[in-house]
Amino acid sequence: MGVPKGFRKNIKLYPQKVGVERRQEMLDAINYKASYLPRGVMYEDMDASFIDFIKKEVNFSVNGETIPVIFLTIQRWAELARTWEFTGEFKDLSVPFITIVRKPDVQEGSNQQGLWNIPGRPTFTYIKVPRWDGVRKGIDVYKIPQPVSVDITYEVRIFSNKMREVNSFNTKIQQIFRSRQHYINPNEHPMPLHLENIGDESNIDDFENRKFYVQLFEVLLKGYIMDEKEFEVVPAIDRTMLFTEVSESLNNSPKIVINSNENNKTVTFTVIAKPMSESEFSTKIDFNYRFLRLNIINNVTSVELLLDGKTVEVPFVAMAGQTLRIKIHRDINKTAKFQLLGNLI
Amino acid sequence: MGQNKVPINRADKFFSGEDFDLEIEMGREYLEGDLNMTVILFRVDRISTETDSIYGETVKDGIRYLPPVEIKCLVNLMEPENKTYNSDGSLRYLQDGQLTLTIYQKHLEELGVDITYGDYIGYQVTESEMRYFSVVNDGIKNYNNSNTILGYKGAYRRILCAPVDKSEFRGF
Chain A
1 MGVPKGFRKN IKLYPQKVGV ERRQEMLDAI NYKASYLPRG VMYEDMDASF IDFIKKEVNF
61 SVNGETIPVI FLTIQRWAEL ARTWEFTGEF KDLSVPFITI VRKPDVQEGS NQQGLWNIPG
121 RPTFTYIKVP RWDGVRKGID VYKIPQPVSV DITYEVRIFS NKMREVNSFN TKIQQIFRSR
181 QHYINPNEHP MPLHLENIGD ESNIDDFENR KFYVQLFEVL LKGYIMDEKE FEVVPAIDRT
241 MLFTEVSESL NNSPKIVINS NENNKTVTFT VIAKPMSESE FSTKIDFNYR FLRLNIINNV
301 TSVELLLDGK TVEVPFVAMA GQTLRIKIHR DINKTAKFQL LGNLI
Chain B
1 MGQNKVPINR ADKFFSGEDF DLEIEMGREY LEGDLNMTVI LFRVDRISTE TDSIYGETVK
61 DGIRYLPPVE IKCLVNLMEP ENKTYNSDGS LRYLQDGQLT LTIYQKHLEE LGVDITYGDY
121 IGYQVTESEM RYFSVVNDGI KNYNNSNTIL GYKGAYRRIL CAPVDKSEFR GF
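So the sequences go chain by chain: A and B.
Numbering of the first sequence is given in our numbering, commencing with residue 1 and proceeding in unit increments.
Numbering of the second sequence is given in our numbering, commencing with residue 1 and proceeding in unit increments.
Hints listed in this document are in silico derivations from the structure and should not be mistaken for laboratory results.
Treat the hints with care, as some may be off.
Quick list of in silico lysine-lysine cross-link-like pairs, DSSO-like style, CA-CA up to 27 Å [to be verified]: (1) B:Lys166 / A:Lys103; (2) A:Lys91 / B:Lys5; (3) B:Lys83 / A:Lys91; (4) A:Lys255 / A:Lys229; (5) A:Lys172 / A:Lys9; (6) A:Lys162 / B:Lys141; (7) A:Lys334 / A:Lys284; (8) A:Lys255 / A:Lys334; (9) A:Lys103 / B:Lys83.
Here chain B stands alone, though its shape is the one from the complex (with noise of 0.2 Å):
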């Protein structure tokens, strides 16, 4: 027996499923084909991935991932930020910024995939190197005001993405 469900029936007056769907098209056509940015989902396979044991960490090279997915989405890549290893000031690094994804759901569903948090995501900064970030917040919940059309359903997802260091991930 299926799940009950209940019609939307918000801002009904104005607004419904068909402008929905105009709206999110259109703001696809412009993300998708006008923006055209691009990321590399990487899903652990979480049946093949090697882990410790007691931990649950992953071993050196023990990520196992589903076939990477690309995604259009539209891409926020934060400054790098200046930091040090100790904490009296001493050898200095420059970390990547945070990343913040915003990615139309109907999008996800298309491509049948979903982003969990603890996915890899890879961005290609230049023609020849790829970073890579660790989702944070995948954004599930996508059903706040700013997430919708006029308060109507959500439409996209906003995740957060944290950098990764090689040791962890290192993609392709």
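Chain A extracted, bound-state conformation (with noise of 0.2 Å):
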């Protein structure tokens, strides 16, 4: 039956995300029905994701039949069980049909051009889980360690003893990697595929010998390992205790600039009390005064003044070695400055 005039294939009835969102739904989709982590990758994941690409993607049939594709190994037995459905009645396997052969030998990933990885094995924060354990709240931290990068050679022949086939695989091929790479899902991790080179092995060449085509696709895969292993569930830090030391005594005095006139014989004794200042303390007399007058400046109350415990009042005489204790009365949140004024004697 024809296809109708106009008919489409690949309706998107959905929109499609593109950009930030984009790359949400890729992370969403590695997580998805994952247990907070993503899933790993091994070898082997990235093999049967090739294999599913080939067989499921590609999906080469030659009229309405699909082509076995088959995976090889050393193994002898494995390539029977893998083949013995497709051999005849002397178990020869009959063109066309395609292998797979993975190079055993995987290579240092390129696809992250070539920069070196981060030193030791260091685990970054995936993400924070809230957990309850009935007693407390916390956080489990879910850390992973930087994926590592490989290269993997995967080598697709077909056989086919008819160009047509060989053609059409070929265009598939093509097709498929137009725009440089195609990318697979591991395990929902996406990687690149890069269509490295296209060869002929065919055997044509022995005109005394069965003649079929043999067309190679060197296909490399950009791909990492996340071992399982490697991640890590750390609590992380749910509780604290702060300890802050205070003393109940201010070490900080009221500063005293003496500023004498030997010409004179004057002397002013200026007392300095900044906020939270120590409001009663006391200075040793270095020489003989007489003190005669108390100048208030600022912030003060009152003054009361003890010479060797004695309370006086100006007009007074200190000797040089007695102690005057000064109690100063103020708004202690604020700066205060009053002046003792004297003469030598």
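Using the supplied hints, reconstruct the complex from the two chains, each of which is provided in its own coordinate frame.
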């Protein structure tokens, strides 16, 4: 039956996400049905995904019949196990068929453009999950290491004795890789495939033998390994104790500035008490003074003076070696300032 | 409806089906009666064998085989080869030589078995040691001249086997 005019395939019924939303969608896909951590990716996952790519995405068929795809290893029994259902009376595989061989020598990865990896094996926070153990609330930190980049080369060969079949397969592969790379998703981790080379290994030179075409497609997978054994779940800090040491005494005595004049024998004690500084303090008298007057400058209600423990009032005489104790009544939140004026004796 | 059959009339002036059968009978009497050389055939059970889901390789001790069958045949075991694991000549080991079996097709038909590529063969080399081999050429196309009697029909099969490691198969 003919296809109606204007027939369209791949109608997108739902809007496709782009940009940041698309990136988030890819991240969500990695976590889908996972236990907060992404699923690991190992070689066998990448191999399985590549086989699926050839079988389901390339899905090459001839005259409506899907061509067998055989992944080959060195074990003979494995080869038989893969091929027996496609063999005939003499147990020979008949063309056309497709084989996949993975080169066993997996190379150091180039999907980070050759940049060096982070040294050591640090793990990085992937997600923080709230936790409640019945007593305390907390958070578990799920951490993963940096993935290990690997380059895996697959050799895909089509064996056929018809040029039209080889053309058709070649066309399909060229169409898939027309935008340089094609992504596969081992365990939902997107990884690019590059078509590196197309070769010909056809057995057509020996005209006295059986002839058939063999076309080789060398495909490079720029993948990475994420070993689930390296994942970590560690509890975050959920309770801290904070110690603060305080002292009852304020080690912040008022400042006394002594100005003396040798010519007229006058002396001025200027007392400056900053906010929150001590209001009661002592000072040793160095010379003999006669204090005559108290000059209050700022924020002082009254001043009590004790000379060797005895209350005194201006004017008074203080001899060298005596201790003058000063008690200031003031607003402690503001700077207080006053002067004791006198003469040298 | 059965398959059409065409009678073989080659060399029928001096050789016939009866002669062919007689030749085989005499040969078997010598091979199975006088020589009495036997090997054990382990046919892999494709259904029960545990294989790796991706690579198709057998898992350790995962090979399940059908009941072993004793087969009378002419055994030709080549000389062991002195080899090394490393290409620089270090880590030497002695690898069993290839095993070639010559078996009358009629013998297999009587036993009701066939030998397939990938099957395993056990050969008792001493009273206590059995060596194992994997079939690499089951010789199923035995209609070449040398496997026929006077070019009449294929009479016997020549089966080529390569040694296998015990991590792959260890029989009994």
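Now for the hints, and whether the structure bears them out:
Under the criterion of a C-alpha separation no larger than 27 Å, the hint pairing lysine 166 (chain B) with lysine 103 (chain A) is consistent with the structure, at around 25 Å. Distance check on the hinted pair: lysine 91 (chain A) and lysine 5 (chain B) sit about 22 Å apart at the alpha-carbon level, within 27 Å; holds. Annotation: proposed proximity of lysine 83 (chain B) to lysine 91 (chain A) is violated, straight-line Cα distance about 32 Å (limit 27 Å). At most 27 Å may separate the alpha-carbon atoms for a hinted pair to count; lysine 255 (chain A) and lysine 229 (chain A) exceed this at roughly 67 Å.
For the suggested pair lysine 172 (chain A) and lysine 9 (chain A), the alpha carbons sit about 17 Å apart, so the restraint of at most 27 Å is met. Between the alpha carbons of lysine 162 (chain A) and lysine 141 (chain B) the distance comes to roughly 26 Å, so the proposed pair stays at or under 27 Å and holds. Annotation: proposed proximity of lysine 334 (chain A) to lysine 284 (chain A) holds, straight-line Cα distance about 26 Å (limit 27 Å). With a C-alpha separation of about 14 Å, the suggested pairing of lysine 255 (chain A) with lysine 334 (chain A) holds against the 27 Å cut-off.
For the suggested pair lysine 103 (chain A) and lysine 83 (chain B), the alpha carbons sit about 24 Å apart, so the restraint of at most 27 Å is met.
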